[in-house]
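Trainee: Okay, here's what each chain looks like letter by letter:
There are 2 protein chains.
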Amino acid sequence: MKQNAFYAQSGGVTAVINASACGVIETARKHRDKIGKVYAGRNGIIGALTEDMIDTTAESASAIAALRHTPGGAFGSARYKLKSLEQNRAEYERLIEVFRAHNIGYFFYNGGGDSMDTANKVSQLARREGLPLRCIGIPKTVDNDLPVTDTCPGFGSVAKYIAVSTREAALDVASMAKTSTRVFILEVMGRHAGWIAAAGGLAGQSPNEAPHIILFPEIPFDPKAFLARVQQAVAKHEYCVVVVSEGTQNADGTFLAQAGLTDAFGHAQLGGVAATLANLVSQELGFKYHYAIADYLQRSARHLGSKTDVAQAYAVGKAAVELALKGETAVMPTIVRKSSKPYRWTIGKVALSRVANKEKMMPRRFITKDGFGITAACRAYLEPLIAGEDYPPYRQGMPQYVVLKNRPVPAKLKTKFVLE
Amino acid sequence: MKQNAFYAQSGGVTAVINASACGVIETARKHRDKIGKVYAGRNGIIGALTEDMIDTTAESASAIAALRHTPGGAFGSARYKLKSLEQNRAEYERLIEVFRAHNIGYFFYNGGGDSMDTANKVSQLARREGLPLRCIGIPKTVDNDLPVTDTCPGFGSVAKYIAVSTREAALDVASMAKTSTRVFILEVMGRHAGWIAAAGGLAGQSPNEAPHIILFPEIPFDPKAFLARVQQAVAKHEYCVVVVSEGTQNADGTFLAQAGLTDAFGHAQLGGVAATLANLVSQELGFKYHYAIADYLQRSARHLGSKTDVAQAYAVGKAAVELALKGETAVMPTIVRKSSKPYRWTIGKVALSRVANKEKMMPRRFITKDGFGITAACRAYLEPLIAGEDYPPYRQGMPQYVVLKNRPVPAKLKTKFVLE
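As you go down the protein sequences, you meet chains A and B in turn. Residue numbers for the first sequence follow the numbering used here, beginning at 1 and rising by one. Residue numbers for the second sequence follow the numbering used here, beginning at 1001 and rising by one.
So that you can see chain A by itself, here it is in the shape it has in the complex (with noise of 0.2 Å):
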């Protein structure tokens, strides 16, 4: 019996999730004897909860196309992790409802750690409630830290865009230093896990090219050691290149970026670790310095996709569909790396068990002795996955970005379904 499909993405967007998204609807759409429609979530699972869901056949094939090229959430997504089966059944017990409702056979979910161990309950509660479903986890994550899979749709662009923005912000640093700007601090994501960071270090090649020092969340940091190390960089090229995770702690636990500053009225402000970094630099070197805070700009830079890192998303998200059709559940597709140089690679599967909220680290043999920078295991590891250019078409100097129509699906419950 034909069956229809519910996609959702959850967490944190990337430039390339919509790549994922693209790669299940055109695959389902390739297999209309076995899958009927695709809805997707409106704002990820919160669309099922609520009974709220698109219908994306409304959506032209160029449309779906498009959506390769479009960064953030196509559909919306959601920060809502459902709790544990026994703390809220209700919840789990709304989506099967919901999915029954609407004839739902196959369940696609898109997002980290988080998302997986959902997607596992869900197809656990599932099978013992009789309903046939296939759950399929979907990798996405610009912060790396998915085990078993060789990396996570994301991350590559992100790398990409931390790598060639340190390069050319270098530049622009190592130009000016005789007469401006000394020290120049670049503040990047990845709260627990230093890989975004650790791309930064693929902007030079040797160790007088820019950045100069590294800070991972992975090494406490060391106020002396790293002054002692601009002082250095400083003496030697003129100038000195920091790149520094927003997670990097001190060696008591606490973040840097809680730098204890307080406004004209004495509330607390989060000063961020790039300012923290730079009025400590200021203070005890007299460095002029500059720093730039990438934010939101570095996982939505899908004007600098990576190839490797779109080709990746797309290729898990038709994965997933291919895997439900043979009948797999509760798994999720990965990148399984076959060589580094060439770099080459294909699609694996892993129980969700395996990679539920499990958080994968910087290896030590990844980080230089000093902890201030990448090892060349490191680069082997992390220059794949930038390599190569995706560029979106561009019209009048834009880049062509899709809006969807995210026609609704019509409800067919009539109990409403309260978010806690």
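Since the hints were derived computationally from the structure, they do not count as laboratory data. Check the hints yourself; a few may be wrong.
What the hints assert, rightly or not - Where chain A lies over chain B, by a calculated footprint (3+ residues, C-beta under 8 Å):
id, segment
1, 1006–1014
2, 1060–1072
3, 1075–1086
4, 1163–1169
5, 1290–1299
6, 1390–1400
As the list claims (entries may be wrong) - Calculated pairs, DSS-like style, for lysine-lysine (alpha carbon to alpha carbon, straight line, at most 25 Å):
id, chain 1, residue 1, chain 2, residue 2
7, B, K1412, A, K178
8, A, K349, A, K360
9, A, K288, B, K1083
10, A, K178, B, K1083
11, B, K1288, A, K83
12, A, K81, B, K1178
13, A, K416, B, K1178
14, B, K1178, A, K414
15, B, K1326, B, K1030
16, A, K178, B, K1414
17, B, K1178, A, K405
18, B, K1416, A, K236
19, B, K1307, A, K307
20, A, K81, B, K1288
21, B, K1236, A, K405
22, B, K1405, A, K178
23, A, K81, A, K358
24, A, K236, A, K178
25, A, K236, B, K1405
26, A, K416, B, K1236
27, B, K1338, B, K1358
28, A, K288, A, K236
29, B, K1416, A, K178
30, A, K178, B, K1081
31, A, K288, B, K1081
32, B, K1326, B, K1338
33, A, K34, A, K349
34, A, K412, B, K1178
35, A, K83, B, K1178
Claimed, not checked - Residues from chain A that keep clear of chain B, each with C-beta distances beyond 12 Å, as calculated:
id, residue
36, R344
37, A376
38, P408
Quantities reported herein were computed from a predicted structural model and do not represent experimental measurements. Where a beta carbon is used, it is the ideal one built from N, C-alpha and C, also for glycine.
On the provided structure of chain A, position chain B as indicated by the hints.
Mentor: Leaving out everything else, chain B in the frame of chain A:
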């Protein structure tokens, strides 16, 4: 008699100032009968004062060609403004001395309003001292604040970067607003003029599209009106995107960036305008916020250079040499707009005295009545400047930017010059 040329970069660098250098050097190389060697100042005019010049003949044709797609200042720039002739005549006389010693007959100075003033004064003194020196200014500034010329090379690329980044970040925020960030703030350059902030307005076509608010240095900041506008945008669209110029001022003329923050030790901290606005939004409206500070990333982002901007940067470099060969002096090539739709431009010229030390602000008719957006006239002006892409070549995922040999010209003078 064949004479050498001197070229120097001045002030903050841009994504395309090297394209102007490329235009100068390639054009000079086509006129070897009249122009001997092109020397470049190491760190701008400082290199002339200290007789620290770079012999560009040591660079291959392909290295010079690569300048066209390389950001930053290839020979080093400087924030060093020559004083008036009366205040420091010694500096001007030193320039004449160095130029005479190295048989310099052409002086190309690539910078903003200050630099055009310097080039003008050098030309006056040379005439008085009987040195046959052709002094040509070459316009450059991301701030777009030089008068007479339609635009300044460097601006089109930063404008494109800010327009694209605003659109991309807005797609990200829009998809997360339901459960996460409601207000996103992008801080951009422009201490006196709001041209770069205005470019953020190109991210959307209608008032319903992001950015919902632009803050210009030309419009005094009104906290009440701003907060009302944020609230209105969130009510209507679930989110609000703000583009703010670093130079935005309070009604009393103080910068918003001077937020009165102090650290744990009571030291005053520069908060940055984005942080100031974010705190205001958080305290008064309670919305979750994020902010990005583009800083040097925006003016070095050659990976997203505007094709129009690159072409104009090259053209003014080329025209500078051609003007000098025609016997002109104390002039600057300009961009002359012939029509907006389609955009047609040609190269004109203006006397340096007419552009020296002048700033072109945003005309009031380019800003909407409420002070928070750009008008159709502004859009018609800006759109052609970001048109077209001009990607650098890539290898292994990274743009191939050139680093020159920068071989020094042997010194001829016995005297050292000490900078003040």
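Trainee: Determine for every hint whether it applies to the structure shown.
Mentor: Hints, one by one, checked against the model:
no., hint, result
1, 1006–1014, "holds (count 3)"
2, 1060–1072, "holds (count 3)"
3, 1075–1086, "holds (count 6)"
4, 1163–1169, "holds (count 6)"
5, 1290–1299, "holds (count 9)"
6, 1390–1400, "holds (count 6)"
7, K1412/B - K178/A, "holds, 23 Å"
8, K349/A - K360/A, "holds, 17 Å"
9, K288/A - K1083/B, "holds, 23 Å"
10, K178/A - K1083/B, "holds, 19 Å"
11, K1288/B - K83/A, "holds, 23 Å"
12, K81/A - K1178/B, "holds, 14 Å"
13, K416/A - K1178/B, "holds, 18 Å"
14, K1178/B - K414/A, "holds, 24 Å"
15, K1326/B - K1030/B, "holds, 15 Å"
16, K178/A - K1414/B, "holds, 24 Å"
17, K1178/B - K405/A, "holds, 18 Å"
18, K1416/B - K236/A, "holds, 24 Å"
19, K1307/B - K307/A, "holds, 22 Å"
20, K81/A - K1288/B, "holds, 18 Å"
21, K1236/B - K405/A, "holds, 18 Å"
22, K1405/B - K178/A, "holds, 18 Å"
23, K81/A - K358/A, "holds, 15 Å"
24, K236/A - K178/A, "holds, 13 Å"
25, K236/A - K1405/B, "holds, 18 Å"
26, K416/A - K1236/B, "holds, 24 Å"
27, K1338/B - K1358/B, "holds, 23 Å"
28, K288/A - K236/A, "holds, 16 Å"
29, K1416/B - K178/A, "holds, 18 Å"
30, K178/A - K1081/B, "holds, 14 Å"
31, K288/A - K1081/B, "holds, 18 Å"
32, K1326/B - K1338/B, "holds, 24 Å"
33, K34/A - K349/A, "holds, 22 Å"
34, K412/A - K1178/B, "holds, 23 Å"
35, K83/A - K1178/B, "holds, 19 Å"
36, R344, "holds, 15 Å"
37, A376, "holds, 15 Å"
38, P408, "holds, 15 Å"
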